[in-house]
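**Q** Protein sequence lines correspond, in order, to chains X, W and P. Mapping to our numbering: the first sequence position 20 is 20, numbers consecutive. Mapping to our numbering: the second sequence position 60 is 60, numbers consecutive. Mapping to our numbering: the third sequence position 845 is 845, numbers consecutive.
Hint data in this document are derived by calculation from the structure and do not stem from the laboratory. None of the values given here were measured: they were computed from a predicted structure. Treat the hints with caution; some may be incorrect.
Some chain W residues judged to face chain X by a derived CB distance under 7 Å, without partners named [what the hints assert, rightly or not]:
1) 55
2) 95
3) 98
4) 140
5) 180
6) 219
Covered, in the sense of this in silico footprint (three residues per stretch, anywhere, with C-beta under 8 Å from a C-beta of chain W), are these stretches of chain P [what the hints assert, rightly or not]:
7) 463-471
8) 614-627
Think of the CB as a built atom: it goes at the ideal place given N, C-alpha and C, for glycine as much as any other residue.
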Amino acid sequence: MTPASSVLLLTTLTGFGYGLLAWLGIFCAAGALPESPWFGPVAVVIALGFAGAGLVASTLHLGRKERAWRAFSQWRSSWLSREGVAAVATNLPALGFAVSWAALGAGANLTVAFGLVAAAMALGTVFCTAMIYACLKPIRQWHNRFTAPLYLVFAAFSGAALLAALLGVWTGAAAGGTAGASALVVVFAIGAGVAKAAYWRFIDAQGPLATLASATGLGSFGTVRALDRPHFTENYVLREMGYQIARRHAARLRRIVLVLAFAAPAVLAALALAGAMPAVAAPLAALLAGIGLFAERWLFFAEATHVSAIYYGRAV
Amino acid sequence: MTSLPQSQPGARRLGLVIDLDTCVGCHACAVNCKEWNTEGHHAPLPDYDPHGADPDGVWFNRIHSYEAEGSGGCGKTVNFPRSCLHCENPLCVTVCPTGASYKRAEDGIVLVNTDICIGCKLCSWACPYGAREFDEHDGVMKKCTLCIDRIYNESLPEAEREPACVATCPSRARHFGDLADPESRVSKLVAERGGVDLMAELGYRPTNKYLPPRQTRIETRPVEMPASAPGGLGGALLALVDKVLSR
Amino acid sequence: MPEDRIAYHAPVGDEVAHTTCYMCACRCGIKVHLKDGKLRYIEGNRDHPINRGVLCAKGSAGIMSVTSPARLRAPLKRVGPRGAGEFEEIGWDEAMAIATARLAGIRASDPHRLAFFTGRDQSQSLTGHFARMFGTMNFAAHGGFCSVNMAAAGLYSVGGAFWEFGEPDWNHAKLFLLFGVAEDHDSNPIKLGLAKLKERGAKIVSVNPVRTGYSAIADEFVGITPGTDGLFIMALIHCLLAEGAVDTAFLVRYTNAHHLVIDVPGEADHGLFARDAEGAALAFDRKAGALARADATGTDPALLGTFTLPDGRRARPSFALLAERYAAAEYAPEAVEARCGIAATTIRRLAAEIAEIAFRQPVTIEQAWTDTDGRRHETMTGRPVAMHAMRGISAHSNGFHTCRALHVLQMLIGAVDTPGSWRYKSPHPKPIPPGPGPAGRAHDGRGALTGNVLGFPTSPEDLLVDDAGEPLRLDRAFSWEAPLGIHGMMHMAIAEAHAAGRARVDTLFLYMANMAWNSAMNPGETTRMLTDRDADGEYRIPFVIVADAFESETVAYADLVLPDTTYLERYDCISLLDRPIGSAHGPADAIRVPVLKPDRDVRPFQDVLIDLAGRLGLPDFAEAPGKPLYSSYADYMVRHQRKPGVGPLAGFRGADGTVFGRGEPNPEQISRYIANKGFARYDLPLEQLYYKHANRAYLTGAKEMGLIDDDSQIVLNLYSEHLQKFRLAAEGHGAVRPPERLRARVARFMDPLPIWYEPIEQTMTDMKQFPLHAITQRPMSMYHSWGSHNAWLRQIHSENRLYVHRDLAAAQGLEDDDWVEVVSRTGRLKCQIRIMDGVNPHTVWTWNAIGRRSGAVALAQDAPEAVRGFLLNHVISEYLPAGDDGARLSNSDPVTGQAAWFDLTVRLEPCEPETIAETQPRMAPVALTTKGAGQ
Ligand SMILES: Nc1nc2c(c(=O)[nH]1)N[C@H]1C(S)=C(S)[C@@H](COP(=O)(O)OP(=O)(O)OC[C@H]3O[C@@H](n4cnc5c(=O)[nH]c(N)nc54)[C@H](O)[C@@H]3O)O[C@H]1N2
Ligand SMILES: Nc1nc2c(c(=O)[nH]1)N[C@H]1C(S)=C(S)[C@@H](COP(=O)(O)OP(=O)(O)OC[C@H]3O[C@@H](n4cnc5c(=O)[nH]c(N)nc54)[C@H](O)[C@@H]3O)O[C@H]1N2
Ligand code: SF4
Ligand code: SF4
Ligand code: SF4
Ligand code: SF4
Ligand code: SF4
Ligand SMILES: [Mo]
């Protein structure tokens, strides 16, 4: 599948945003966040900012942006529609959380309740996003049991990184929440890295969804090879879904992702945990995670093959 | 409504049966399809850079050719038209967030309502057959309409109410009809000729069927040849020519 | 949610017109829908006899040609150097004045100095008549580089031809043999026919080096090595003879198999038929044990044996000569299998299948008929083995004889115009040959030639040669180099005009032929000749007029451009005097009517030609210079009479418009055609549908209709006495003899029975250096160079590849899309390859005429057609290597002058990986720049 930057931004940024929102709710319930009446609202605005930016970016690739609102109508059947609905809905508890925090304080039951609901809905939204890809049968690299969990793990990881950065800057100290968040970053970085490696091993071992023989119904004639294409020049299907990435190129990128997205942030978070300039280490960890995950998302598309390309004699 | 319609009893399943045994790969169906549809239900079918370095355009029907392992190291060439198969279980419909992509309950035709399509392209990702084409000018998705504006068009004589590609196919390799009715000509063809589903393993349950190539043989009886006579002429010939002729 | 709006009632358009497609030469009927005066939709005319409602890719794309940016917009006068494409737009008055002055001058001095060549021309009855009335013998249409081998072999053997004048009996054939056909002129009819065969479960065998298109759906594919079909066919004959699978009854009744051939080598009439005092050919009647007229009935003619003539000389039935030749061991399957690339067992099996179907599974139709001897037959029984062949056979220098061998095979099994076999397309059969020799030597009082420019020589006296035996015609047709060059030799026109110089050619007038590109053997040389100047700085070919509708490569080389309309903007007629739409079911013809008004300053070429003839005062076109007889082509179509009662259109003749064929002109004729959806047909009664060559009712009817002048039996020429006459001249008999240098050649190739010989170019080429056969095929969705400016068709064929067998690719370390140099004895070109399995291992091929010269037909200069698309023509030559005497013969069939496109052999040289990804040669871009009037 041809990586479209708008979609890459969408999935990465919403990961950070909703991840952060989820952790805010949980940390708040655990009383691990700064008491300041400002922290909650500021953190929520940052979270929604990231998520919002992602959602806006996603509309950029629409052929008819002005009709985007129509996308909310099919929540009964379409994960894309559900994502939209969930994203909008999540704003309510999130805002409630912020307001109640500012008005009643971080410890207030209402605040905690709002926080936990927002957390649940944030993860739900991430799940919907994941399912948009996971439900696409023609793309074996997406339509599998890894896709949804991975999206959630990445959201948790990037959210934690963002939270650690926020706390690091806010408190300047490695104590309390910062420590907790940094610890989570380490844990999820390792977890996410391992999961992604497992995913790669899985798709490398996966057989093709179909053969040219089954795609043409000519199986009984032995192996089938493409001779001539309908048209010489590239068409929509090939531009959109015929993307092919060289094995070597992919392998190199995979290494970069492992280092940038997971290893480096883990190390930096560990430093922050150890008290070494948390105000610098934690944000840096988040930044690297961001870049790394963007690359990871690019690969997620580039390595995905669409079965329709088989008609053009391309490997799927 | 992009939830799939409940299959109603007696509902028709209109579709195409494509005979790979007679398709010569002439592209007539593809071009006539474009000609009809560029002012048809999904009008227009744009062309990009039509006289330039990289000509491309929207086509609802494209003709591939393949080689299957033939006898004696000589490949069997098979021409292969590919268009929307109007699947019974079309993910292209259920993934659509707007309801623009839909399947008709009455005849199973899968269409796009281009008035509400937002051009998110998800349906094309959901189609394993690469049958959907994006109109870069209008920013909406388009596809084979099964010539819905012909097959029901009362302004056309009864006989002409068939898809453009079927009407135009010079080697009569395309057949149109109701595949839900076991008595229909197309259903019978599929039964007799062992029509197949493309990529059945994906479970989309295509309505369109493809008839595999055949091979007609002639059984010859062994011929006994009398020993040849001087002059190299076969005895059989001499015997034949001996017979009395009448001019 | 807004409902999807579906038009269940919308009419297609607001206007409908019926006319004839011209996106190729197949002549399908089309129904054109207009909406608000614009083209909306073109579909097949369901009532039309040719296409019955179907329409091919090209026809469906016609809508895009009519709006193509490549259309010429106004008459053009060259202002820059020839070939630079610098023109000035001028008005029609000026254009006509220039042409008239030029041609008047030529006609007054030496009319033969006008060389008028037309290409994909469907109005040859007009263009040919123009040439005749003008008085030039230098006229021809595309047949010479197209398929004259098929036409000549057929017309000189069976009085019809695979090319245009025959068709398989799709409704009854059980075995169909297809030789060397990718598409053919009958594009849609053949596809409709194949569908019928498939429906009935008949077996289709395709003999072809390449397995695409029709060959792809064939039940059996015979991947023959190019140029060897003759051997293969003779091996089939060898087997059939050995098995005694021969229809002797058919032979004695309908062919000259029993005619006695004088067998006295060295004598002036050796090899001719023994004749009685009245000149009637003789046979030996075994019943009476004596000689008898070969056409006598009730006899028992001998087919073998040697007999003594009254004058004591020996004579033998022609069949005996034939049987002896093909029974020889050299034609045994085992002897030919290696050469043909077909296993002997396959050849034997195919022969057995032919015998099985022909003799054990005949088709009988319950329909009585009466033959030319007055014998009534209760049924029509036939041999359901049908055959069709085209350029795979004709485009070789041994094509004439190969095609004749195929007709001989048909005759031997009695499969000519019988149920289930190959059938004549009306207006055929015609006498063998159909008409008198070519005109050219004499002009009548009106300055017109005394006969048709393209005729049918039957003896050396008919040739157009001077006393030294050298060609009179520019293109060498009807000379000893090509005695039966009945379509002319268009591929030689420019080269010979250049060679001959100003003394012999003043004006080269080209219509509808892209002769500076895809119909040139070697476009590089051709364009050089077109721009070559003599010492005095004048162009060696003084004046070039091109009539085209689009900005083709050739237009750039014109001094005067006459812009034509597109096919939807003019009247036209598909006439019985040319290549009509008749079928085995009867004669038919059709018209074109203007559906759109031209939006630019162009005129239908036929109108222009008639106008020109009027201004020149040509007989039959004008009473006197400036006093034209016809106001337009439409007027000519209705009022012109070639013979009393016979005109361009056969339908709706006579005062009341009820006559088909011979009848008074009918002023209402065109409106009657329009009312009848653009065509007229006459359905033959059932008793006339088969055995037309000997069917009394058919022949008398055809004579009345004006299709033929003589209604006696057409005796099929198993043995060709006509050819023997030329051979005798070469052996030193008669007054008109070939020049010394051609004697042996003529003697060898004018054999009265089919022979096979290695394609001539290959005998003069080091086959170790150039071991691969290189051929082209017609793409079904592109018509020569017509479609590359068509926005839809060019998306299908925007470039082409050289197809190479997998093993060959492996041997040369080649992969898909690798660049290679294709090297022939005369040149090299660079292109990309594609690997395939379904091709003869010693053969490479590509689609014809996809490559375009940069800038042609208004495409971007970096269009794929020009950057990666290529023409095989760049490595072909119109001349053979010079012989020992230094003379260069044309690269053509020695009997008919058919261009031998497919004799080409090459080798492949892989390019370095870092090679520039561009085809070679890439000639300088042609780009028309027009200043003046319009702008
Ligand atoms: N290598 C190779 N070369 C071949 C062949 C091959 O098999 N292999 N085949 C040969 C054969 S059989 C043939 S017939 C020739 C064909 O070759 P040509 O006779 O040159 O025919 P085309 O390329 O079809 O185009 C002739 C011209 O007709 C013009 N034209 C199109 N429509 C109209 C119209 O309505 N009016 C006018 N006035 N002009 C129009 C086109 O623009 C084009 O310039 O090619 C020959 N060349
Ligand atoms: N779509 C379309 N239709 C056309 C045309 C077009 O350009 N496009 N051109 C028209 C014209 S002008 C003509 S003349 C006709 C020609 O129609 P065809 O006769 O079909 O002409 P080609 O495509 O040259 O076909 C030559 C075929 O013979 C095969 N062949 C080559 N050498 C040999 C051989 O030695 N033996 C055998 N058995 N086969 C051989 C080639 O592989 C090819 O399949 O088509 C007409 N119809
Ligand atoms: S029109 Fe018929 S024969 Fe031609 S490509 Fe289409 S299906 Fe095949
Ligand atoms: S072929 Fe593709 S577009 Fe057509 S219904 Fe099936 S899935 Fe949908
Ligand atoms: S592109 Fe249009 S039809 Fe396809 S899924 Fe998106 S909105 Fe639906
Ligand atoms: S049914 Fe109509 S839209 Fe579909 S491929 Fe055929 S012509 Fe095109
Ligand atoms: S074959 Fe095609 S292009 Fe040729 S006349 Fe018929 S419809 Fe037109
Ligand atoms: Mo031709």
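**Q** Each of the hints needs a verdict: does it hold here or not?
**A** How the hints compare with the structure:
1. 55: 6 Å, holds
2. 95: OK, holds: residue 95 of chain W within 7 Å of chain X, min 6 Å.
3. 98: 4 Å, holds
4. 140: Constraint on residue 140 of chain W satisfied, holds at 6 Å.
5. 180: Violated: closest Cβ of chain X sits about 21 Å from residue 180 of chain W, beyond 7 Å.
6. 219: 22 Å, violated
7. 463-471: violated (count 0)
8. 614-627: violated (count 0)
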